[in-house]
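Student: For reference, the chains in residue letters:
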Amino acid sequence: MSRYSLATSIFNRFTGLGLSLGLLVLVCWLMAVAGGARRYARTLHLLSQPLAQIIYALLIIAFCYHLVAGIRHLVWDTGHGLERTQSQRSAWLVVGVSIVLMLLVAWCAWFTGTRTP
Amino acid sequence: MSLRSPMRRVLGLGSAQSGVHHWWLQRLTSIALVPLTIWFLVSLLALPSLGYETVIAWMSQSWTALLLVLFVLVATWHSQLGVRVVVEDYVHGAGTRTLTLVIVTFAHALIAVAGVFAVLKVALGGVR
Chain A
1 MSRYSLATSI FNRFTGLGLS LGLLVLVCWL MAVAGGARRY ARTLHLLSQP
51 LAQIIYALLI IAFCYHLVAG IRHLVWDTGH GLERTQSQRS AWLVVGVSIV
101 LMLLVAWCAW FTGTRTP
Chain B
118 MSLRSPMRRV LGLGSAQSGV HHWWLQRLTS IALVPLTIWF LVSLLALPSL
168 GYETVIAWMS QSWTALLLVL FVLVATWHSQ LGVRVVVEDY VHGAGTRTLT
218 LVIVTFAHAL IAVAGVFAVL KVALGGVR
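Same order as they appear, the protein sequences are chains A and B. Position 32 of the first sequence, counting from 1, maps to 32 under this note's numbering, and the rest follow consecutively. Position 124 of the second sequence, counting from 1, maps to 241 under this note's numbering, and the rest follow consecutively.
Among the hints, erroneous ones may be present.
What the hints assert, rightly or not - Pairwise CB distance ranges (calculated):
{"no.": "1", "chain 1": "A", "residue 1": "Trp76", "chain 2": "B", "residue 2": "Val203", "range": "27 to 37 Å"}
{"no.": "2", "chain 1": "B", "residue 1": "Tyr207", "chain 2": "A", "residue 2": "His73", "range": "37 to 47 Å"}
{"no.": "3", "chain 1": "B", "residue 1": "Ala211", "chain 2": "A", "residue 2": "Leu58", "range": "29 to 39 Å"}
To be verified - Covered stretches of chain A (in silico footprint by chain B; criterion: 3 or more residues with CB under 8 Å from a CB of chain B, positions within the stretch not fixed):
{"no.": "4", "stretch": "40–48"}
{"no.": "5", "stretch": "57–70"}
{"no.": "6", "stretch": "80–91"}
{"no.": "7", "stretch": "94–107"}
These are computed hints drawn from the structure, not numbers from a lab. For each residue, glycine too, the CB sits at the ideal point set by N, CA and C.
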């Protein structure tokens, strides 16, 4: 409980590093599109494996957390919310909002079915 | 009360000798990434499928291509700034650290160029 500040900060770094790797996946996908229909079909097959699906789930979690935690950092940069009680409250707010966002994105991905083309 | 010496205030540089440049760019890119990432996620989820024809048609639209190029550039820039800080914090030894930073920077440049190249190739009709 007293380490919420440490936990939210380190998790922001972890998710950031994870998203850097996600960027690699994105660019591989873009290069596959540019590589023509056959190349795209092969890459898409590779990117539809169960392991890849797990990676997407992790990327969604990482993205949602990093987005919300990043906005918290931007608010801090304006000089607001730096009091201990405020930052404690915003730490829980970040966790709560990012979980809601994760569920929303996961639901949309599931609902539209674009995850499994 | 400020702990900065008058000389430092005049020069405007911190201990990294580069002032607020890194900090400012990290903030600037993060602000830009809020709408860009949300746009990317929403428009990707809005696609009827990830089939080849669908994706080509999507990427051929001017606004999609423009925003994708922006997204790739700003995201790799932001990523490079972030990974750089992690390396500076956790990789010890001047030689190893410098080498890691060189690799990280080159890798990011490669990712950015590859992403922009791919989008432009599709958008400018290089793939049919």
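Student: Now look at each hint and say whether the structure bears it out.
Tutor: Hints, one by one, checked against the model:
no., hint, result
1, Trp76(A) x Val203(B): 27 to 37 Å, "19 Å, violated"
2, Tyr207(B) x His73(A): 37 to 47 Å, "20 Å, violated"
3, Ala211(B) x Leu58(A): 29 to 39 Å, "34 Å, holds"
4, 40–48, "holds (count 3)"
5, 57–70, "holds (count 3)"
6, 80–91, "violated (count 0)"
7, 94–107, "violated (count 1)"
Consistency with the previously given hints fails for numbers 1, 2, 6, 7, ordered from lowest to highest.
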